[in-house]
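Q: Listed below are the residues making up each chain.
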Amino acid sequence: MNENLSVLGVFSLLSILAVGGGAAVLPETKALVIDSHHWLTEDQFRDIYGLGQVVPGPNMLMVMVIGYHVTGFLGALLAYLGFFLPAGAISLGASRLWDHFEGSPWRAALQRGMAPLVVGLMAAGAISIARTAIEGTMTVAIAIAVFLGVYFVKRVNPALLVLAGGLVGLVALG
Amino acid sequence: MSDPAAATPAPPPGGPVGLGEIFLTFLVIGATSFGGGVVAYLRNALVLQKGWLDEERFLSALEIAQALPGLNATNMAIIVGDRLRGILGAIIAFLGITLPGATLIMVLGVAYAANADNPYVNAALVGVGAAAVGMLAAVTLQIGRKQLGSLIDVAIILVTVGLVSFLHVSLVWVILTVGPAAVLIYRPRKGEAVEGEPT
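If you read the sequences in order, they're chains A and B. Everything in the first sequence is counted per the numbering used here, starting at 60 for the first residue and increasing by one. Everything in the second sequence is counted per the numbering used here, starting at 25 for the first residue and increasing by one.
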């Protein structure tokens, strides 16, 4: 099968499944990109996910780098369109419909029920990344330090903490 | 939610917003927001600085963005762009919020592909990856903290994590089974006011 079509197909599927944002589809992304299609190794996936955390804006733009690794710049463009178009079209349609259900008790039930599912999916995403990114005491120490920084220090730019993690890695392991 | 006008997308005061201004506003958000904190940036720009949405409309757009597939940041851009200037506004807002990050990630991605075997690059990225785990865990706990007070919510969270992380059930099935079950648990009941907020 044409690899470009595979890229478009995989990321379109992930787009529709991304209930609760990018972290929620990380386990499925890993399964499809590493295990099913062998587009990346575990280490490459970890590296590219890390790159995605130091750029501004929506945090799943790293899908473009995955597409680039498969078929170059066309792959990057297809991953971008695949990952953002289907969910975007659903949002557009649903936002217009949503207001018609103003005050519907089912709307509240939907929100109330989906909230813990989203948290569970995000936690599973964190576990998924931890399985490839955490190896050895240095990585555990960096992860705990950044966790405490983001969670307890309110006015800190998380990207700076992630970059600091990279600097510590460079000094300690390089 | 009592404002009847909220049911129809109303143009903001001062006439329709220009497409160029929509693009520029979301471009700035896309270039300056980091690490899951995009909601704060959006609120600051759209509600406080531009006045395009009031708090209530902002929260209602956010509710939709969170309940649907896709990232909050891009969903919000599309929903707000649509409310300001229709489909064209949605496309412009989406391009604006993704363009800075997309450009930068491609620069980094191409540089990474050329230097993937460099030990210094690898050492730095091991640190970045570990830091990303810490950040994602913190953001998850910040969002999930209010669910931890409810036994039902904790049960739904644990079942979801167990299915995805330990039994490796495909995400399609997890969403199609746990999703409807969770909504049914919180289904509207006769003679009972539905609580929209977890305790």
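In short, the hints are calculated from the structure, not lab data. Each hint should be verified, as a subset may be incorrect.
Once the Cα atoms are required to be at most 25 Å apart in a straight line, the calculated DMTMM-like pairs of lysine to aspartate or glutamate come out as [what the hints assert, rightly or not]:
| hint | chain 1 | residue 1 | chain 2 | residue 2 |
| --- | --- | --- | --- | --- |
| 1 | B | Lys-214 | A | Glu-161 |
| 2 | A | Lys-213 | B | Glu-79 |
| 3 | B | Lys-170 | B | Glu-80 |
| 4 | B | Lys-74 | B | Glu-45 |
| 5 | B | Lys-170 | B | Glu-79 |
| 6 | B | Lys-74 | B | Glu-87 |
| 7 | A | Lys-213 | B | Glu-45 |
| 8 | B | Lys-74 | A | Asp-94 |
| 9 | B | Lys-214 | A | Asp-158 |
| 10 | B | Lys-170 | B | Glu-45 |
Take a look, some chain B residues computed to stay more than 12 Å from chain A by CB distance [what the hints assert, rightly or not]:
| hint | residue |
| --- | --- |
| 11 | Glu-45 |
| 12 | Arg-67 |
| 13 | Gln-73 |
| 14 | Lys-74 |
| 15 | Asp-78 |
| 16 | Glu-79 |
Using N, Cα and C, we set each Cβ at its ideal position, and we do this for glycine too.
Q: Confirm or reject each hint.
A: Do the hints match the structure? See the list:
no.: 1; hint: B:Lys-214 <-> A:Glu-161; verdict: 18 Å, holds
no.: 2; hint: A:Lys-213 <-> B:Glu-79; verdict: 22 Å, holds
no.: 3; hint: B:Lys-170 <-> B:Glu-80; verdict: 21 Å, holds
no.: 4; hint: B:Lys-74 <-> B:Glu-45; verdict: 10 Å, holds
no.: 5; hint: B:Lys-170 <-> B:Glu-79; verdict: 21 Å, holds
no.: 6; hint: B:Lys-74 <-> B:Glu-87; verdict: 21 Å, holds
no.: 7; hint: A:Lys-213 <-> B:Glu-45; verdict: 30 Å, violated
no.: 8; hint: B:Lys-74 <-> A:Asp-94; verdict: 46 Å, violated
no.: 9; hint: B:Lys-214 <-> A:Asp-158; verdict: 23 Å, holds
no.: 10; hint: B:Lys-170 <-> B:Glu-45; verdict: 37 Å, violated
no.: 11; hint: Glu-45; verdict: 19 Å, holds
no.: 12; hint: Arg-67; verdict: 15 Å, holds
no.: 13; hint: Gln-73; verdict: 18 Å, holds
no.: 14; hint: Lys-74; verdict: 18 Å, holds
no.: 15; hint: Asp-78; verdict: 15 Å, holds
no.: 16; hint: Glu-79; verdict: 16 Å, holds
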